[in-house]
Amino acid sequence: MLKKHLPEWKLIDVMLKDSEALQQLVAIVKLQDQWVKHRASSLYIDPLLLELKIRLLTREDLADSLVKCWHPVAQLDQLTARGLERAFTYWRDLVPLSERFKQEFGNYATSPGQLDFEELQSLNIFSKEEFETRLNAIHDELVQRTSNGGELDYRRFIGAPTFEETAVRAYLVAFVVTEGRASIRVDPLTEEIFLSPVSGPAGSETKSVAIEIT
Amino acid sequence: MSNPEAERALLERKMRKALQVLILQRGRNPGVKGWEMKRYLGKDYRTILQVLSGDLKQLGLEVHEVPGLEGTDDSTRFLLRFRESPTLSEAESAGFRIDDLAVLASSIATVNSKQGRVGRKELETFLREKFPRWRVDYSLERFIKRGYLDQDEKGLLRIGWRTRAEVDEKSLMTLILARGEAAP
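Those protein sequence lines, which keep their order, are chains A and B.
With this note's numbering applied, the first sequence covers 85 to 298.
With this note's numbering applied, the second sequence covers 2 to 185.
Be aware that a few hints might be false.
Straight-line Cα separation of at most 27 angstroms, DSSO-like style, residue types lysine-lysine; simulated pairs [stated by the list, open to error]:
hint, chain 1, residue 1, chain 2, residue 2
1, B, 34, B, 18
2, A, 101, A, 88
3, B, 18, A, 152
4, B, 146, A, 152
5, A, 152, B, 58
6, A, 101, A, 114
7, B, 131, A, 114
8, B, 58, B, 15
9, A, 152, B, 171
10, A, 121, B, 115
11, B, 122, B, 171
12, B, 155, A, 121
13, B, 146, B, 115
14, A, 152, B, 115
15, B, 15, B, 34
16, B, 115, A, 114
17, A, 121, B, 171
18, B, 155, B, 115
19, B, 34, B, 171
20, B, 58, B, 115
21, B, 171, A, 114
Rather than coming from a laboratory, the hints here were simulated on the basis of the structure.
Use the sequences and the hints to build the structure in full.
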């Protein structure tokens, strides 16, 4: 009957709005009912009063209050068939350590390698012009600091306030030495490393020295 | 005509069975629901559990029932728990630091005072006034995992099933208030 006459209802929108309003009122009454029930229960304490009490109490008092009302469950933990199945599934699906945090932290499992000048250029760490300029600058600095013809302590020369800058200076010095514009001498007794500029043409006798930077 | 000795033997057998199902954890959470008890012990399972609880008194244990969400007998959970509360030092030796217990006490009391639910952020902000930030984060996470607190997808914290099972919440509220009154 209602279905039959519903299309004839001219004020259908009004009726829908009335229904919606009634539904909202019911929801409010329900919430009020819950609120009244809670306030009437013995668990009700004014939240502000309780916050004040908790602030006033010491940690020991709070812990002791809990322990006095605490009855721990007695149970025996045991391996169940379901637990065993879950453990097996976990172990089977466990991604290897090398893959686990790859997306978040990169491929940290890759061993250290070497970067050549072209790669540094592609990473925008150096441009060719900047590299040449810095190479000449560090050579000039070396010449200037050894103007009396002596040698310089290698570690003092490359030392900079930050490790990154120290590494860059060591890298540049390695190029200067490779080009034959400077030479490195290692004292066999003290293992100290000395650096000096080379003014003439490079000698034919060369050898490679690996120096650790810390 | 029933044989009293046979009845007694049956009762003892059912009590042993009840203790067995209560003490061995089957699912993720401890305890056995009413419908399971009915299946193991029969319709008079409540009587058997009452007798068992009396017998366990000597050992300092009791059978405790936690009403289920539906409020029916079938949904009620029965579990074995300590009849007496442990001392603070015993609780510490069980792996709970005083700070952890204080965070839990404050959390339970706060949740109960706010009609049974409180936003996690709100609780964290309040607790950080009294405890270090890392301790609050660590303890809350731990208590949620162990079932003392329950967090829904909206980030609201409620009292967890383990608190309902292990903690006398009314006494806790009363004790906190009483201690507050005694404080200078």
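Outcome of the hint check:
Annotation: proposed proximity of residue 34 of chain B to residue 18 of chain B holds, straight-line Cα distance about 15 angstroms (limit 27 angstroms). Of the supplied pair hints, the one linking residue 101 of chain A and residue 88 of chain A holds, its CA atoms being roughly 21 angstroms apart against a limit of 27 angstroms. For the hint linking residue 18 of chain B to residue 152 of chain A, the alpha-carbon distance of about 31 angstroms lies beyond 27 angstroms, and the restraint is violated. Distance restraint check for residue 146 of chain B and residue 152 of chain A: the Cα-Cα separation of roughly 23 angstroms lies within the 27 angstroms cut-off, and the hinted pair is therefore satisfied.
Restraint check: the Cα-Cα separation between residue 152 of chain A and residue 58 of chain B comes to about 18 angstroms, which is no more than 27 angstroms; the hinted pair holds. Proposed proximity of residue 101 of chain A and residue 114 of chain A is supported: the alpha carbons are some 20 angstroms apart, at most 27 angstroms. Our distance criterion of 27 angstroms between C-alpha atoms is broken by residue 131 of chain B and residue 114 of chain A, whose separation comes to about 36 angstroms. Restraint check for residue 58 of chain B and residue 15 of chain B: the C-alpha separation of about 18 angstroms stays at or below 27 angstroms, so the hint holds.
This hinted pair checks out: residue 152 of chain A and residue 171 of chain B have alpha carbons roughly 12 angstroms apart, not beyond 27 angstroms. At most 27 angstroms may separate the alpha-carbon atoms for a hinted pair to count; residue 121 of chain A and residue 115 of chain B meet this at roughly 13 angstroms. Restraint check: the Cα-Cα separation between residue 122 of chain B and residue 171 of chain B comes to about 25 angstroms, which is no more than 27 angstroms; the hinted pair holds. With a C-alpha separation of about 24 angstroms, the suggested pair residue 155 of chain B and residue 121 of chain A falls inside the 27 angstroms cut-off, and the hint holds.
For the proposed pair residue 146 of chain B and residue 115 of chain B, the alpha carbon gap of about 22 angstroms is at most 27 angstroms, so the pair holds. Restraint check: the Cα-Cα separation between residue 152 of chain A and residue 115 of chain B comes to about 23 angstroms, which is no more than 27 angstroms; the hinted pair holds. The straight-line distance between the Cα atoms of residue 15 of chain B and residue 34 of chain B is roughly 16 angstroms, inside the 27 angstroms bound, and the hint therefore holds. Taking the CA atoms of residue 115 of chain B and residue 114 of chain A, the gap is near 17 angstroms; set against the 27 angstroms cutoff, the hint holds.
This hinted pair checks out: residue 121 of chain A and residue 171 of chain B have alpha carbons roughly 15 angstroms apart, not beyond 27 angstroms. Straight-line distance between C-alpha atoms of residue 155 of chain B and residue 115 of chain B comes to about 16 angstroms, which keeps the hinted pair within the 27 angstroms bound. Between residue 34 of chain B and residue 171 of chain B, the direct Cα distance comes to roughly 24 angstroms. Compliance with the 27 angstroms bound is thereby established for this hinted pair. Proposed proximity of residue 58 of chain B and residue 115 of chain B is contradicted: the alpha carbons are some 36 angstroms apart, above 27 angstroms.
For the proposed pair residue 171 of chain B and residue 114 of chain A, the alpha carbon gap of about 25 angstroms is at most 27 angstroms, so the pair holds.
Comparing the model with each numbered hint stated earlier shows that hints 3, 7, 20 do not hold.
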